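Heads up: the sequence shown runs through residues -37 to -1, 1 to 358, numbered per mature numbering (1 follows the signal peptide of the UniProt record, and there is no 0).
Think of the hints as simulated: they come from the structure by calculation, not from any bench.
Just so it is clear, the structure is predicted and the values come from calculations on it, not from any experiment.
All C-beta atoms in this analysis are idealised placements derived from N, C-alpha and C, irrespective of residue type, glycine included.
Restricting the straight-line Cα-Cα distance to at most 27 angstroms, the calculated cross-link-like pairs of lysine-lysine (DSS-like) are:
| hint | residue 1 | residue 2 |
| --- | --- | --- |
| 1 | K194 | K350 |
| 2 | K287 | K350 |
| 3 | K194 | K237 |
| 4 | K237 | K350 |
| 5 | K287 | K123 |
For each label pair, taking beta carbons as the anchor points, the in silico distance ranges come out as:
| hint | residue 1 | residue 2 | range |
| --- | --- | --- | --- |
| 6 | T214 | H247 | 19 to 25 angstroms |
| 7 | G254 | A75 | 47 to 53 angstroms |
| 8 | T245 | A75 | 46 to 52 angstroms |
| 9 | S358 | K123 | 30 to 36 angstroms |
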Amino acid sequence: MQKSIVSRRKTPFLAALSTGVLALGLAGTAAPGTAAAAQGAPADPPRLSPDHLQALHRDLGIDPQEAATLYRQTDLARTLESRARDVAGAAFGGAVFDIESGELTVAVTDRATADAVDDLGVATEVVEHSEEELNDVIDGLNNVDGGADNSVTGWYLDPKANAVVVTVLEGGQAAAADLIAQAGVDADAVTIDEEADRPRLYADTAIHGGNPYYSQHTERTSICSVGFGVKGGYVTAGHCGERGNGAFQDTDLTTRYGEVADADFPGSDMGWVKTTDRWTTTRHVNDHNGGVVTVAGAEEVPVGAAVCRSGQTTGWHCGTIVAKNQTIYIPVTVHGLTRTTVCAEPGDSGGPYLAGDQAQGVTSGGSGNCTSGGTTYFQPLRPIIEKYDLTLLTS
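Work out the full structure: start from the sequences and follow the hints.
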């Protein structure tokens, strides 16, 4: 594989992005007239509730001043990633945000493109595979007849490694190699990684407190979490209920929110509930400590950025984005998920993920728990909004 070459040349924009690199507590926006201001950097970070800040401190070791700097840096990185993608075109190889330094690194497949992206003020890395090539590898794995062996737990695009990572349970390396061969993809673009647990869905038949909604399935009642408010209802995970299923406020299924207007699972894990006229959905997310977070938009943040999740079982927890376009195999297959270090547990399915005040997606499943930690996946929000032609409620 081609050796990566990293460029660290900084323009004033990157200098603004990485102000306070080693100590995120060095808060402050770029001075007027700097490139950061010219590029439309936000003057102030989102207002975070005390409970939101407490979760960031508990799960990521970030204090309030650091959180303010982090969200400025994340917003700048989000803008830079979009611009770098436009400049690089087909040579774009992915982007990774470093939460410790506040710096974004963009991967490209040739030096000339790296020079052009350098001018945006980001670090660049020359790699062998473009993001499009790696996504083609994922498509190839997704389309293998008969799916994967049960020892294979999923696959995802890792921009740090410039590879597609196939995850397996202990002893599953041979099955992964067989899957790669069946897919006919470039084996040099794939690595195999062993993990301890198989992902599982976070819908649950047990009854938990908090802010659940309940659905009736064959011979059982399931609990999931409300996602983001949209005009006429709310989005959630597709595995939480089939189209036409009722959605209820209570375990007795007597107080009806509405019904599942549409749902897609497996393949993807998206759905939405159309509420009755009795209910009004809002632009707020419950932080499960007496406060709310107001959703301002739905701009995606890059790999490496901090995200927080709200769920009726475990409340509010935070972590970082590890990868995008993850496929999990459970053994039904779900594509296009985002992999995170945020913990979750059964009953959290459908709950919202945010980066600051920007909506990111809804909880699908994962492994581990909120005692020992784990890996959790979310269905990105934008495909849900686009597929069902919904309007996200924002401030």
